[in-house]
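Participant: My request is simple: use the sequences and hints to build the entire structure.
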Amino acid sequence: MKRLIPLWITAIAGVVMIVSYFIPFTQGWGEDAGIYFDILAAIAFILGGGNILKIHLKKISDRVAGWGYSVILLTAFLATLFIGLGKIGVHPNPQYPGYTWSGYYRQMDTPFWWLYEYVFKPLTATMFAMLAFYIASAAFRAFRAKNIEAVLLLGTAFIILLGRTFAGVWLTSGIPDDSAFAGLKIENLSVYIMQVFNTAGNRAIMIGIALGIASTSLKVILGVDRSWLGSGEE
Amino acid sequence: MYEFLKNLDRRWIFLLMFVSVAIPVLFELTFPEKATGLAKAVFDEIEALDPGDKVLMAWDFDPASEGELGPMATAFTYHCATKGLKMYYMSLWPVGPQMVDDNIANVINADFPDLEYGVDYVNLGYKSGYEGVIKVIVTDLRALYTTDAHGTSVRDIPMMRGVESIQHMDLIINVSAGYAGTPEWVLFAVTPYPDLRMVAGVTGVQAPMLYPYIPEQIPGLLGAIKGAAEYEKLVMDAYGGPDPPRKYFKGKLRMGPQLVAHIMIICLIIVANLVYFTGKRRGEVS
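Protein chains in written order, with the working numbering: chain A, 1 to 234; chain B, 1 to 286.
Bear in mind the hints are in silico, worked out from the structure with no lab data behind them. Watch out, some of these pointers could steer you wrong.
No more than 25 Å apart at the CA atoms, straight line, and that leaves these computed lysine-lysine pairs for BS3-like [unchecked claim]: (1) B/K6 - A/K146; (2) B/K247 - A/K121; (3) B/K6 - A/K121; (4) B/K280 - A/K146; (5) B/K83 - B/K250; (6) B/K83 - B/K40; (7) B/K34 - B/K250.
Facilitator: Pasting the structure below:
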């Protein structure tokens, strides 16, 4: 029963979504299924929160290596949750002054806003910015012109790197825009690579992925592939 | 020198990258921008709209990619506000509404104080469900959006009257940093309903994957900070006046560090290959 019910839910939802796409009369069924999906996605946040608590409380309890990070994570998680849900420091909406919780939860100068502006925002921006350092290091260590394929890759990378900046424009500025060689200007070469070679390669990959998704989805809907149900062991 | 470069500590590379980015930022190095076809196509799509036309502004990004996508989001808002378009903001990302708030505060409230919330622009906020949200609102917006981000019923918002689904929008502008974003808008909105028009601004990583959709599903695309700088130039040349505020040139300002960093990476690759071939000649590398 534990496996049969999810299998039936998946099969029915899958068939409804397919049928609603092709038969206009059943379009509403697909919309209803979509709304259920969105409600489930919202509930998944609660499950996600519960999962974070379960995993990290266990790490703390077992004193595994790095358990201190779990303490920091849980403290930040619970503090943000409490401040956000409790609308701490939020002024009531002027339309409903008698209702303490009627205010906008992202009001400026509230603790939740402060956490977002001065903790979350700089931390996530910093994490993303760190990529630049790792890309530079990886480029130094990995890009070697060992064979023809690698040389082609390197040449393409140089054209794109230069073509995405003013350096590319400047380097080939001697070629007139209306000459027969205008296509050799780095900025034009960069556009050509993106619109022809990249598009052709990506289309092939996308068609392959789409066919793979269709076949895997059919297997899941028909119950042939049940790996997504897990092993059934706790 | 060879030995030093062969065993180069990665911290030297980190330092070089830091200097390459810090100097242009500190000295505000800028370079001329020339708009390419895709940026012009984005500009033309918005230009083709008439005052009062409805535009869905789907801001699907967060602070992690704000540095790359913030400038184009700002330019989109400025362009739409200048043209007198009705702006409907929403997001499929949990932190997206904060990005919308930033645009409303820095562009609309600062430079278009006459625009009225609920009449000229509205923030519909975030809804969970990723592409599931698109699938629903493409036929029934009110099934999911019963209130705006502030909790006001959509029935009390004047500009929501007559807007039953996003098929009532004259254009979708999507700024996307990943999943859910532009590919999902293409698959679940623009492809099944070809009358919908859409332009997008995306991160550099995402742009190559979206070229296959040009020009049928996406007539115009802004790729990363370069696309933002080109679009900013088009908008400011047309509507910026003699002395536009500096905040509308953030894309251009960020192209300075990008140029120096790109050249630095090219130099690093060349040096690494010189070291590799020297080692090969000496028989130290197989």
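Participant: Would the pair B/K280 and A/K146 pass a check requiring their Cα atoms to be no farther apart than 25 Å?
Facilitator: With a Cα-Cα distance of about 11 Å, the restraint between B/K280 and A/K146 holds, given a limit of 25 Å.
Participant: Is the straight-line distance between the alpha-carbon of B/K247 and that of A/K121 25 Å or less?
Facilitator: 19 Å, holds
Participant: Does the structure keep B/K34 and B/K250 at a Cα separation of 25 Å or less?
Facilitator: Holds, because 16 Å separates the two Cα atoms, which is no more than 25 Å.
Participant: Do the alpha carbons of B/K83 and B/K40 lie within 25 Å of each other, as the hint requires?
Facilitator: 16 Å, holds
Participant: Are B/K6 and A/K121 close enough, with their CA atoms no more than 25 Å apart?
Facilitator: The given pair, whose Cα atoms are some 38 Å apart, is violated under the 25 Å limit.
Participant: Just to be careful, I want the Cα atoms of B/K6 and A/K146 compared with a cutoff of 25 Å; is the pair within it?
Facilitator: Measuring from Cα to Cα gives roughly 17 Å; hence the hint holds.
Participant: Would the pair B/K83 and B/K250 pass a check requiring their Cα atoms to be no farther apart than 25 Å?
Facilitator: 21 Å, holds
Figure legend: structure checked against the earlier numbered hints; the only hint not met is number 3.
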